[in-house]
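Enquirer: Given chain A, put chain B with the ligands in place with the hints provided.
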Amino acid sequence: MSNPISLNNSLSSEPVSRLKEMRTKALKRRLRNLGLQIGVFIVIMGAWQLLANYKLIDPFFFSSPKAIFLQIIDWFQNGTSQGPLYTHFIVTFEETILSFVIGVILGIIAGYALGMSEVLSVIFGPYIQMLNALPRVVLAPIFILWLGLGMSSKVALGVTLTFFVVFFNAFQGVREVDRNLVNNARLLGANKRQLAVHVIIPSALTWILSSLHSSFGFALVGAVVGEFIGATKGLGFLISQAQGAFDTTGVFAAMVLLSITALIADWAVGRLEKRFIAWRNVRQD
Amino acid sequence: MNSTTNISLANKPKQNDPVMIELSGVSKEFVKPSGEVHTVLRNIDLQIGKGEFCSIVGPTGCGKSTTLSLVAGFDQPTNGTIKIQGETLQGMNQHAACVFQTENAFPWKTVIDNVSLGLTLRGVEKAEAYKEAKIWIERVGLKGFEKHYPHQLSGGMRKRVALAQCLIIQPQILLMDESFSALDVHTRSLMESELLTIWEETSASVIFITHDLEEAIALSDRVVVLTAGPAATIKGDYQIDLPRPRNVSEIRFDADFMRLHEQIWNDLRDEVMISYEQSNQS
Ligand SMILES: Nc1ncnc2c1ncn2[C@@H]1O[C@H](COP(=O)(O)OP(=O)(O)OP(=O)(O)O)[C@@H](O)[C@H]1O
Ligand SMILES: [Mg+2]
Chain A
15 MSNPISLNNS LSSEPVSRLK EMRTKALKRR LRNLGLQIGV FIVIMGAWQL
65 LANYKLIDPF FFSSPKAIFL QIIDWFQNGT SQGPLYTHFI VTFEETILSF
115 VIGVILGIIA GYALGMSEVL SVIFGPYIQM LNALPRVVLA PIFILWLGLG
165 MSSKVALGVT LTFFVVFFNA FQGVREVDRN LVNNARLLGA NKRQLAVHVI
215 IPSALTWILS SLHSSFGFAL VGAVVGEFIG ATKGLGFLIS QAQGAFDTTG
265 VFAAMVLLSI TALIADWAVG RLEKRFIAWR NVRQD
Chain B
5 MNSTTNISLA NKPKQNDPVM IELSGVSKEF VKPSGEVHTV LRNIDLQIGK
55 GEFCSIVGPT GCGKSTTLSL VAGFDQPTNG TIKIQGETLQ GMNQHAACVF
105 QTENAFPWKT VIDNVSLGLT LRGVEKAEAY KEAKIWIERV GLKGFEKHYP
155 HQLSGGMRKR VALAQCLIIQ PQILLMDESF SALDVHTRSL MESELLTIWE
205 ETSASVIFIT HDLEEAIALS DRVVVLTAGP AATIKGDYQI DLPRPRNVSE
255 IRFDADFMRL HEQIWNDLRD EVMISYEQSN QS
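Protein chains in written order, with our numbering: chain A, 15 to 299; chain B, 5 to 286.
Read the hints as simulated data drawn from the structure, not as lab findings. One should not assume that every hint holds.
[As the list claims (entries may be wrong)] Below, in silico cross-link-like pairs of lysine to aspartate or glutamate (EDC-like), each with a Cα-Cα straight-line distance of 20 Å or less:
| id | chain 1 | residue 1 | chain 2 | residue 2 |
| --- | --- | --- | --- | --- |
| 1 | B | K113 | A | E287 |
| 2 | B | K54 | B | E205 |
| 3 | A | K206 | B | D79 |
| 4 | B | K113 | A | E190 |
[Said to hold, decoys possible] Listed next, the stretches of chain B that the computed footprint assigns to chain A, with coverage defined by at least 3 CB atoms under 8 Å from CB atoms of chain A:
| id | segment |
| --- | --- |
| 5 | 92-103 |
| 6 | 121-131 |
[Unchecked claim] Coverage of chain A stretches by chain B, computed from C-beta distances (three or more under 8 Å per stretch; other residues unrestricted):
| id | segment |
| --- | --- |
| 7 | 190-196 |
| 8 | 211-220 |
By construction, the Cβ of each residue, glycine as well, lies at the ideal position given by its N, Cα and C atoms.
Pulled out of the complex, with its shape left as it was, chain A reads as follows (with noise of 0.2 Å):
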């Protein structure tokens, strides 16, 4: 144990300045990227107002960059003619969520007893797929119908979108589990639970993770799909409300708020992801 510490004093100056050189070019490259992001953003919104100023677009159909922001501005100061912006914000997050975690659990599960069982996934298989070619949005009446117009019948929807994202890629994952790994487990001694837990799990995980951006996604979708169709509150059901009134502006503040809502949750399960996947880091150079 002596030994590397007496290695790291000799060599300790250097390093360091290497690390704070390091540090300094990474800082660099995040805030010339952050600036172009920036730059575009800016490019595109004054192109747009200065379209919108000039009329060479038509406002009523285009709106413009300002009167969005101001419309978000009035809703947070004064509610929408719906009641308060936050209820429906709070309606359409609940939804997402809601329809999010359902959905994953349920398609992990339905994903390890497939992946696992040769009799299972031939028996259930062609259905799957038949369902899952169905476009889900014809659903959507029928949820209504049954479910009311109400949080259930969008979480309905949600579900049936979030669930086969997830479903395939845990499949996927267990079925792709490297065999020598499971031999391996097996020969070390574990039974069918501990296999699962130290191997199979594991490995689809990987492939679970990387589903839940798109299923995240397709959860909003869900939500928001089903407060368009019929609902009496959420951010879909704004949009809605605004398209008859033909208040473009509405439906763009509405659309901007959504992407918001969308890139907050990406972030979210980026988090989670690098949480549950530290062993992946790939090699630093």
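Expert: Chain B with the ligands only, in chain A's frame:
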């Protein structure tokens, strides 16, 4: 010197060793996707003694890995029986551990979790398992890397993890499938001599599969040559009576070694040629 080095076609393990692994009349067939039956192994009779180090060589695709997976219990023979300490093998071989050609280490587990896995699976307390794992990690020269993940290690270090992972459960049978063939020459000869050192302290029987005849002779008590597939069987069985402990890197220049090598190579070469011609035809 020459009289002590007994080069003979021996089908029996040394008399004083009790039999650990016994294959009698073992054959293995696979059904090809086309529906044809593909015979990989035919009528294999092989006895390996307790504590014996036995290498299996043979041309590529002849069924070496298949033999190993039968002994490990990953797969069942089509005909014949496999007995471990006199008991017919059913399911996984409880006495064996295996170092694979590719990866043994679980990428999502740290070195210490990988090494201690065999114990935790058996219900050993985590603290106890870690303590034991630390000893083995040090033994294979990985001290200080307990918290590393496999992808942070070099290929040679990962092989050490694999070795420690197998040895911690103190298996009576150690199966090795071209375990060192992916390593560079220096790392490889280091690992070979470490394997021998550890093996000499245990009483494990080793089945060591390799395509490298020099490696086989340098390490083993006995070298078994398989014929070219399909339907491979045992062609030759050589006792290697070179003195132990051996110096793996220098034994290659020993006169007895060279004569053994020549004799076994004569056998093996024919099979390699057959296998080569077969692959050219198809
Ligand atoms: N699961 C399987 N299904 C069908 N055929 C198989 C299967 N496993 C092995 N074989 C066939 O058995 C033969 C022997 O394979 P095996 O892997 O045992 O060869 P090997 O001697 O280990 O070769 P190598 O030296 O290249 O590793 C090959 O022809 C292979 O195609
Ligand atoms: Mg092989």
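Enquirer: If a hint holds in the structure, say so; if it doesn't, say that too.
Expert: Now for the hints, and whether the structure bears them out:
1. For the hint pairing K113/B with E287/A, the CA-to-CA distance comes to about 16 Å; that is within 20 Å, so the pair holds.
2. A hinted pair counts as satisfied when its Cα atoms are at most 20 Å apart, and K54/B with E205/B qualifies at roughly 13 Å.
3. The suggested pairing of K206/A with D79/B holds, with an alpha-carbon distance near 17 Å, which does not exceed 20 Å.
4. Of the supplied pair hints, the one linking K113/B and E190/A holds, its CA atoms being roughly 18 Å apart against a limit of 20 Å.
5. Proximity of the segment 92-103 of chain B to chain A, defined as three or more residues with a beta carbon under 8 Å from a beta carbon of that chain, is established by the 6 residues found.
6. Here's how the segment 121-131 of chain B fares: 4 of its residues keep a CB closer than 8 Å to some CB of chain A, so the rule of at least three is met and the hint holds.
7. Coverage of the segment 190-196 of chain A by chain B holds [criterion: at least 3 residues with CB-CB distance below 8 Å; count 3].
8. As drawn, the segment 211-220 of chain A meets chain B at 5 residues by the rule of a beta-carbon pair under 8 Å; at three or more, the given contact holds.
Checked against the numbered hints above, the structure violates none of them.
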